[in-house]
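2 protein chains.
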Amino acid sequence: MGVEEGGVGKKGVCIWRWKITMMVLRVLALFATATATVVMALNKETNTFAVATIGNTPIKITLTAKFQDTPANVMFVIANGVATLHSLLMLALSFVNHKHDLKGLRFLIVTMLDMVTIAVVSGAATAIAFMGELARNGNSHARWNKICDNFERYCDQGSGAMLASYIGILFLMLVNMVNIYELKRLNNFKNVITA
Amino acid sequence: MGVEEGGVGKKGVCIWRWKITMMVLRVLALFATATATVVMALNKETNTFAVATIGNTPIKITLTAKFQDTPANVMFVIANGVATLHSLLMLALSFVNHKHDLKGLRFLIVTMLDMVTIAVVSGAATAIAFMGELARNGNSHARWNKICDNFERYCDQGSGAMLASYIGILFLMLVNMVNIYELKRLNNFKNVITA
Chain A
1 MGVEEGGVGK
11 KGVCIWRWKI
21 TMMVLRVLAL
31 FATATATVVM
41 ALNKETNTFA
51 VATIGNTPIK
61 ITLTAKFQDT
71 PANVMFVIAN
81 GVATLHSLLM
91 LALSFVNHKH
101 DLKGLRFLIV
111 TMLDMVTIAV
121 VSGAATAIAF
131 MGELARNGNS
141 HARWNKICDN
151 FERYCDQGSG
161 AMLASYIGIL
171 FLMLVNMVNI
181 YELKRLNNFK
191 NVITA
Chain B
1001 MGVEEGGVGK
1011 KGVCIWRWKI
1021 TMMVLRVLAL
1031 FATATATVVM
1041 ALNKETNTFA
1051 VATIGNTPIK
1061 ITLTAKFQDT
1071 PANVMFVIAN
1081 GVATLHSLLM
1091 LALSFVNHKH
1101 DLKGLRFLIV
1111 TMLDMVTIAV
1121 VSGAATAIAF
1131 MGELARNGNS
1141 HARWNKICDN
1151 FERYCDQGSG
1161 AMLASYIGIL
1171 FLMLVNMVNI
1181 YELKRLNNFK
1191 NVITA
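If you read the sequences in order, they're chains A and B. Sequential numbering of the first sequence, starting at 1, is according to the working numbering. Sequential numbering of the second sequence, starting at 1001, is according to the working numbering.
Since the hints were derived computationally from the structure, they do not count as laboratory data. Mixed in with the good hints, there may be bad ones.
Said to hold, decoys possible - Calculated pairs, BS3-like style, for lysine-lysine (alpha carbon to alpha carbon, straight line, at most 25 Å):
| # | chain 1 | residue 1 | chain 2 | residue 2 |
| --- | --- | --- | --- | --- |
| 1 | B | LYS1044 | B | LYS1146 |
| 2 | B | LYS1044 | B | LYS1060 |
| 3 | B | LYS1044 | B | LYS1019 |
| 4 | A | LYS146 | A | LYS19 |
| 5 | A | LYS146 | B | LYS1019 |
| 6 | B | LYS1060 | A | LYS66 |
| 7 | A | LYS44 | A | LYS66 |
| 8 | B | LYS1066 | B | LYS1146 |
| 9 | B | LYS1066 | A | LYS146 |
To be verified - Over 12 Å on every C-beta distance to chain B, these chain A residues come out as not near it, computed from the model:
| # | residue |
| --- | --- |
| 10 | TRP18 |
| 11 | LEU28 |
| 12 | PHE31 |
| 13 | ALA92 |
| 14 | GLU152 |
| 15 | ARG153 |
Said to hold, decoys possible - From chain B, some residues computed to sit far from chain A (all C-beta separations above 10 Å):
| # | residue |
| --- | --- |
| 16 | THR1035 |
| 17 | GLU1045 |
| 18 | THR1048 |
| 19 | MET1075 |
| 20 | VAL1082 |
| 21 | ALA1092 |
| 22 | LEU1108 |
| 23 | ILE1167 |
| 24 | PHE1171 |
All C-beta atoms, glycine included, are put in the ideal place defined by N, C-alpha and C.
Whole structure, please, built from the sequences with the hints as guidance.
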């Protein structure tokens, strides 16, 4: 069964193509989640508002909107930071072992970690999506006023981070699909070999 | 290659065990997401508050908290409803075809749909988690007051729906893992057969 050793012939080529596709997708996912983390972590806007006038002297207050003010944003930074580390670790792992990664327990653990990462990052991105919607439009039922009219750049930066995070989820999903497709293809390939 | 036909011998038994495991997990996921959908869709609380007293006559207002008041809750109901339909469809599909489901494009499509469902439901559950946190504690930075002190049952019911949804995600993840494990196991099994 020369098939098992890999590295030569049609199967060898295909596995390299798969490995390179995986690495490219992982790097893209890494960049997207890293961007989301940094953009959100640097999100801070300070504005000065005139609240009243005594004589000719305007009374001003200075307010700062920071990402830490909303728990959902903190979770977003942590989730995307962990997703970035996850991509980095998986990339490092693909250099450590040059044998076929679809064997053994490792494939299952990697797939599970990918899936949990997708779920957590998707949760974080959707949470800030709805927090952003609330900040933009307010909620009259709960008497929560909109704040984005005063902190426009802050809100836009949050939206940018959200977008980067969703792009990261897309790449993480592609990683998972390519992984599973390769396992299936290998399965079918064995059928051909052994037929 | 009698292996391909399945249904007899060790492999046949294993495939049935896998099919039954999958069905049980899908039914559990279905119940969890259906519970989340119904509990949230029925979430409504009406309370009467005394706001002032004129002479001996108290002035009362009646306020109603409905799930539709918060966009995140609406998305939650839709996401969990779609996940329930997804589980139902996948269960129906597993009755339609008695051949091994790990073959062909179908496996990839089902895995992808499972993954997208996990991401969407996880997003919805996390969004209402943070909305619930906001309703319970308020956010002094944004001057959003807590509302759960006035609508305690409403908030508790929302938390219950969230919990059911997270349990549903857990089962959907197990479905995905069992699916991939079975594909891998079949792969290894073929190695044994053809060695």
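So, going through the hints one by one against the coordinates:
1. B/LYS1044 x B/LYS1146: holds (17 Å)
2. B/LYS1044 x B/LYS1060: holds (19 Å)
3. B/LYS1044 x B/LYS1019: violated (40 Å)
4. A/LYS146 x A/LYS19: At roughly 47 Å apart (the allowed maximum being 25 Å), A/LYS19 and A/LYS146 break the hint.
5. A/LYS146 x B/LYS1019: Outside the cut-off at roughly 51 Å; violated.
6. B/LYS1060 x A/LYS66: violated (39 Å)
7. A/LYS44 x A/LYS66: holds (4 Å)
8. B/LYS1066 x B/LYS1146: Since the Cα atoms of B/LYS1066 and B/LYS1146 sit roughly 16 Å apart, the hinted pair holds (cutoff 25 Å).
9. B/LYS1066 x A/LYS146: holds (20 Å)
10. TRP18: holds (15 Å)
11. LEU28: holds (17 Å)
12. PHE31: holds (20 Å)
13. ALA92: holds (23 Å)
14. GLU152: Answer for A/GLU152: holds, closest chain B Cβ roughly 15 Å.
15. ARG153: The claim stands: A/ARG153 keeps its Cβ more than 12 Å from every Cβ of chain B (closest is about 16 Å).
16. THR1035: Non-interface label on B/THR1035 holds, nearest chain A Cβ at 19 Å vs cutoff 10 Å.
17. GLU1045: Consistent with the label, B/GLU1045 stays out of reach of chain A, its closest Cβ about 12 Å off (over 10 Å).
18. THR1048: holds (17 Å)
19. MET1075: Violated, because the least Cβ-Cβ distance between B/MET1075 and chain A comes to about 7 Å, which does not exceed 10 Å.
20. VAL1082: holds (14 Å)
21. ALA1092: holds (23 Å)
22. LEU1108: violated (6 Å)
23. ILE1167: holds (13 Å)
24. PHE1171: holds (13 Å)
When each numbered hint is compared with the structure, violations occur for hints 3, 4, 5, 6, 19 and 22.
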